[in-house]
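Participant: This is what each chain is made of:
2 protein chains.
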Amino acid sequence: MLRTNTCGELTEKDVGKVVTLCGWVNTVRNLGALVFIDLRDKYGITQLNIAPELYAKTSVKSEYCISCKGQVVLRSEPNNHIHTGKIEIKASEIVVFSKAETTPFEIDDNTNASEDTRLVYRYLDLRRPVMQKYLKIRSDINRYTREYLIDNGFQEVDTPTLIKSTPEGARDYLVPSRIYPGEFYALPQSPQLYKQLLMISGLDRYFQLAHCYRDEDQRADRQPEFMQIDVELSFVDREDVLNVIEGLLKNLFKKIDNVDLPDFYRMDYSTAIDKYGTDKPDMRFEMLLSNVDFLNESGFKAYEKKFVKALVVPNYADKVSRKNMDSDNLLAKKFRVFGVSHLKFTNGELTGSIVKNFKPEATERLVKELNLKENDLVILCADSKFNNASTALGALRSEYGEKLGLLRKDDYKPLFLINWPLFEREEDGHIESLSNPFTRPIDEDLHYLDTDPTKVRSTSYDTILNGVELSSGALRIHDASVQKKVFEILGLSENDINDRFGFLVKALQYGVPPEGGFGMGIERLAMEIAGTDNVRDVVAFPKNLKAFEPMSSCPSRVPTKDTDILGIKVVSDTDKGE
Amino acid sequence: MLRTNTCGELTEKDVGKVVTLCGWVNTVRNLGALVFIDLRDKYGITQLNIAPELYAKTSVKSEYCISCKGQVVLRSEPNNHIHTGKIEIKASEIVVFSKAETTPFEIDDNTNASEDTRLVYRYLDLRRPVMQKYLKIRSDINRYTREYLIDNGFQEVDTPTLIKSTPEGARDYLVPSRIYPGEFYALPQSPQLYKQLLMISGLDRYFQLAHCYRDEDQRADRQPEFMQIDVELSFVDREDVLNVIEGLLKNLFKKIDNVDLPDFYRMDYSTAIDKYGTDKPDMRFEMLLSNVDFLNESGFKAYEKKFVKALVVPNYADKVSRKNMDSDNLLAKKFRVFGVSHLKFTNGELTGSIVKNFKPEATERLVKELNLKENDLVILCADSKFNNASTALGALRSEYGEKLGLLRKDDYKPLFLINWPLFEREEDGHIESLSNPFTRPIDEDLHYLDTDPTKVRSTSYDTILNGVELSSGALRIHDASVQKKVFEILGLSENDINDRFGFLVKALQYGVPPEGGFGMGIERLAMEIAGTDNVRDVVAFPKNLKAFEPMSSCPSRVPTKDTDILGIKVVSDTDKGE
Chain A
13 MLRTNTCGEL TEKDVGKVVT LCGWVNTVRN LGALVFIDLR DKYGITQLNI
63 APELYAKTSV KSEYCISCKG QVVLRSEPNN HIHTGKIEIK ASEIVVFSKA
113 ETTPFEIDDN TNASEDTRLV YRYLDLRRPV MQKYLKIRSD INRYTREYLI
163 DNGFQEVDTP TLIKSTPEGA RDYLVPSRIY PGEFYALPQS PQLYKQLLMI
213 SGLDRYFQLA HCYRDEDQRA DRQPEFMQID VELSFVDRED VLNVIEGLLK
263 NLFKKIDNVD LPDFYRMDYS TAIDKYGTDK PDMRFEMLLS NVDFLNESGF
313 KAYEKKFVKA LVVPNYADKV SRKNMDSDNL LAKKFRVFGV SHLKFTNGEL
363 TGSIVKNFKP EATERLVKEL NLKENDLVIL CADSKFNNAS TALGALRSEY
413 GEKLGLLRKD DYKPLFLINW PLFEREEDGH IESLSNPFTR PIDEDLHYLD
463 TDPTKVRSTS YDTILNGVEL SSGALRIHDA SVQKKVFEIL GLSENDINDR
513 FGFLVKALQY GVPPEGGFGM GIERLAMEIA GTDNVRDVVA FPKNLKAFEP
563 MSSCPSRVPT KDTDILGIKV VSDTDKGE
Chain B
13 MLRTNTCGEL TEKDVGKVVT LCGWVNTVRN LGALVFIDLR DKYGITQLNI
63 APELYAKTSV KSEYCISCKG QVVLRSEPNN HIHTGKIEIK ASEIVVFSKA
113 ETTPFEIDDN TNASEDTRLV YRYLDLRRPV MQKYLKIRSD INRYTREYLI
163 DNGFQEVDTP TLIKSTPEGA RDYLVPSRIY PGEFYALPQS PQLYKQLLMI
213 SGLDRYFQLA HCYRDEDQRA DRQPEFMQID VELSFVDRED VLNVIEGLLK
263 NLFKKIDNVD LPDFYRMDYS TAIDKYGTDK PDMRFEMLLS NVDFLNESGF
313 KAYEKKFVKA LVVPNYADKV SRKNMDSDNL LAKKFRVFGV SHLKFTNGEL
363 TGSIVKNFKP EATERLVKEL NLKENDLVIL CADSKFNNAS TALGALRSEY
413 GEKLGLLRKD DYKPLFLINW PLFEREEDGH IESLSNPFTR PIDEDLHYLD
463 TDPTKVRSTS YDTILNGVEL SSGALRIHDA SVQKKVFEIL GLSENDINDR
513 FGFLVKALQY GVPPEGGFGM GIERLAMEIA GTDNVRDVVA FPKNLKAFEP
563 MSSCPSRVPT KDTDILGIKV VSDTDKGE
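Line order of the protein sequences matches chains A and B. For the first sequence, the positions run 13 to 590 when my numbering is used. For the second sequence, the positions run 13 to 590 when my numbering is used.
Warning: the hint list may mix true and false statements.
Claimed, not checked - Label-pair restraints from in silico Cβ distances:
| # | chain 1 | residue 1 | chain 2 | residue 2 | range |
| --- | --- | --- | --- | --- | --- |
| 1 | A | 41 | B | 437 | 50 to 56 Å |
| 2 | A | 546 | B | 272 | 45 to 51 Å |
| 3 | B | 63 | A | 252 | 27 to 33 Å |
| 4 | B | 480 | A | 165 | 30 to 36 Å |
| 5 | A | 165 | B | 39 | 54 to 60 Å |
| 6 | B | 13 | A | 414 | 38 to 44 Å |
| 7 | A | 414 | B | 25 | 28 to 34 Å |
| 8 | A | 13 | B | 543 | 34 to 40 Å |
| 9 | A | 118 | B | 493 | 26 to 32 Å |
| 10 | A | 441 | B | 63 | 37 to 43 Å |
| 11 | B | 441 | A | 182 | 21 to 27 Å |
| 12 | A | 252 | B | 86 | 28 to 34 Å |
Claimed, not checked - If you only want the chain A side, here are some residues facing chain B, beta carbon under 7 Å, derived:
| # | residue |
| --- | --- |
| 13 | 75 |
| 14 | 76 |
| 15 | 77 |
| 16 | 174 |
| 17 | 194 |
| 18 | 195 |
| 19 | 347 |
| 20 | 368 |
| 21 | 370 |
| 22 | 416 |
| 23 | 562 |
| 24 | 563 |
| 25 | 564 |
Simulated from the structure, these hints should not be mistaken for laboratory data. Using N, Cα and C, we set each Cβ at its ideal position, and we do this for glycine too.
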């Protein structure tokens, strides 16, 4: 090694030693009679004390990469904020490994460089301690996840990433084949089919930190490529899988963030929609939704034959402004409801523009059932669809939770959302699978497959932490007759089935274990642990929101000869300036 | 869990317990009065003892997936070959999870199913214990590699796999962009540039088990996608990196195969070519090549002005046949030499068709310098290029090593091949880099950059085990002036440089540490540890030799709408039947 020590380890115990440190020049303070350099590496900062003659020979500047040999001495003015603050290196020799131009932004946690600039110079952006911390959290997630799963008998398998394109779900990224011109591999959206095949192989307990790809229009928290903790295990029921997820997450939060997660709550999908107005309930605060369907017979025409839901925001009547109400309506309308109505309970009386439409006994009953207290704000929403009214108010619940400061960052309320419907009926009456067609129904609901499929609940489970979905999964069907019924309900022909997942269906003929598993997005988890809302903070070299990577300028055009041998031709192109 | 125990753990200590096992029916022996089933899971096999009435109710067959509840009892006829051989389960209840069709081949280590059939039914192929063993070795490599590197201060970083296409080396797999029609991402051949950027970022010690892709015509030991242990570290010299590789491999072989690798030998590239006739020397046996250049003045016209090399095969003169000699010549000619000549030393005399061309004193000197003993076979090769003569005889050395049974499987002779040339001069006189243009020259040779670049040795190193290359790597240039000279020698213009690695060259302006690293192919390593010559044995779901995956039939055609949105059009296609 070209160094004897790192920049993060020397203390007063080392005084007198002759050491060599390597790193980057963080700052130079030239006092004329003496020059101080803060030398930075991954592990910390150590002060170098350099005689002017020595400094003159090298004249290092910020971000030069250098080594410095010298004796560890006590500082005259210690810095108690850092581990190495009691000592400095009395430099006897300096070697400049390489010089540095002036960097386009300062290497400091507080930067006002634009994200675009930071992405172009990502290698400098990553020098900032906060980014190093994010990368460390992510690598710790990888490490402790594997350790936990291996300790629990799981075996890692690397599944292929050049796979068959299927018309399922989101768009595949395609990879043209040169040996078979005109044909394509696809990059996997997840290793779903392969992990089911591995269970059929008898692998028993599989895991992988899998590269996954989705060609979707970017959202703020998505990247075209992402990674997923992918797990599947055999001979289990639902609770066995949930225990793995719970154990894993408790372990990760403890080891990385020293947080003791509480035991995970189990909540029914129907409860979540009814009480929280979302399938990602945030249990850090109450303010649950109420059903006030009796208002559809209150005499108010607009509520007739509709589901009516109420959200009570405690002690907020005097704080709500006209502007608040307008933005509430805007938000609610995203959920396809007509709007919401705001009512105030002040001086023992409920007021608001729509109250006059209610029969007095309806108003009275509303006050009583909602158990209103002085200065409460009531928000009502009605729709012919229960889910619309609920989710609209659910979104407002989150808004007011934030406004009231109830979303405490150091509060963790994890839960499993279970008992999802297996199917949903589309507008046109046909039935769609809510997850994938291999998802196992709950045993006691099997009889509904023949009578009323939309009543069948699935074994699916989502892990929700503070309103964020961390993972999803399910048990899989292992019984051929159940699988056949599900395919029939979904209206899939023999041909459809063969086209879409032929090789898996074939495999199902050779002895399938009861099995289940889950996928957990690593970026999302890293964001939660790191406490950042920006997915690009937890990806070493991310794409921007338009799936473009500004540092290397990719994607890019390629020579025609490179597409010719693939049997494809570029027929349209675009201008990045657009 | 649906089981209380696995099929690999119950012994006489468990007699009397009531247990439930899950697994696949390995064999059924119906003795009429009693039925025995061998139940198999990942962990082993346990015998079930089933009353005929119970069996009749289920009539399970081979490869059915079932559970069995019952009491552990001692067997009347123990099987001492397996861990569970002393006991059996007196079955009280059997549940059939799923039935199985007759499998296309027996689930047994000894199979005569063709590899194509095995690939189509890969999920059944992977049920064979030998395949489970291979997968386990591979997962152990992943596990112990990460543990070793993390213990040694390395941090994992996941680098992007949708990257910029560059015209370097092997062919990239391309991924069309939908958002930028007509533009492409590439799948990485290695994370080379990213790991260098991470060192510039100050990450200090990086590792990744990286997915890599090369669109090459398949060779028996290659797959289109493969994985690589990818490592880079800062502030190091060559020995620091070699110590990481040596420590890692010793650790892996010990932990997985209980093999104590000896200390790794360091061999110069020039020695390898001179003595072993290859850059992948197999040190398990001697039979080194000799230089007998004096024969070019022996009077034999064909040897004039040529390099002449000799291989002595001890005590083989009476064994070599005309057929041997012909096949030796065929093999040698692959190395662009005219051929080889076989001489025998018998009864104190050297004989062979070409001996008559030598002056007697040359023959005498040959016998003396080669220190020939009775019945030795001498093979001579001459060429105007030293490397051709050497590598031709090197190939024969391996052949005869195998013939003589010298390639012992349980003998491990690891070495580092160092001091490679940095450049080589092509036929047309221009100079090419032997690795990549960022490879650092050996310091003491730097002066040759100005005078005779082909004399410059590089800091490259290959790890060779028993004639197989396990890893390669190098230190990287951190000095901008050296980098500039190398680019000039390679004749790269400013434009070339920018096109090919613009963003890395830009990054080199901001303070680069002395650094180095290596890449080690995981499949190759797994093959060595597993003792198989077939790369597909150590890949869960491999492609065949034509980059085709028979189970899912991929690559495949995709609907035109899927290519339309990418701005590409399929202009030629192929027929798999070709």
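Participant: Now tell me, hint by hint, if it's right for this structure.
Facilitator: Right, here's what the structure says about each hint:
no. : hint                      : result
1   : 41/A / 437/B: 50 to 56 Å  : 51 Å, holds
2   : 546/A / 272/B: 45 to 51 Å : 49 Å, holds
3   : 63/B / 252/A: 27 to 33 Å  : 30 Å, holds
4   : 480/B / 165/A: 30 to 36 Å : 33 Å, holds
5   : 165/A / 39/B: 54 to 60 Å  : 26 Å, violated
6   : 13/B / 414/A: 38 to 44 Å  : 42 Å, holds
7   : 414/A / 25/B: 28 to 34 Å  : 59 Å, violated
8   : 13/A / 543/B: 34 to 40 Å  : 36 Å, holds
9   : 118/A / 493/B: 26 to 32 Å : 27 Å, holds
10  : 441/A / 63/B: 37 to 43 Å  : 52 Å, violated
11  : 441/B / 182/A: 21 to 27 Å : 53 Å, violated
12  : 252/A / 86/B: 28 to 34 Å  : 31 Å, holds
13  : 75                        : 5 Å, holds
14  : 76                        : 6 Å, holds
15  : 77                        : 4 Å, holds
16  : 174                       : 5 Å, holds
17  : 194                       : 3 Å, holds
18  : 195                       : 4 Å, holds
19  : 347                       : 28 Å, violated
20  : 368                       : 52 Å, violated
21  : 370                       : 51 Å, violated
22  : 416                       : 38 Å, violated
23  : 562                       : 9 Å, violated
24  : 563                       : 5 Å, holds
25  : 564                       : 4 Å, holds
When held up to the earlier numbered hints, the structure conflicts with 5, 7, 10, 11, 19, 20, 21, 22, 23 and fits the remainder.
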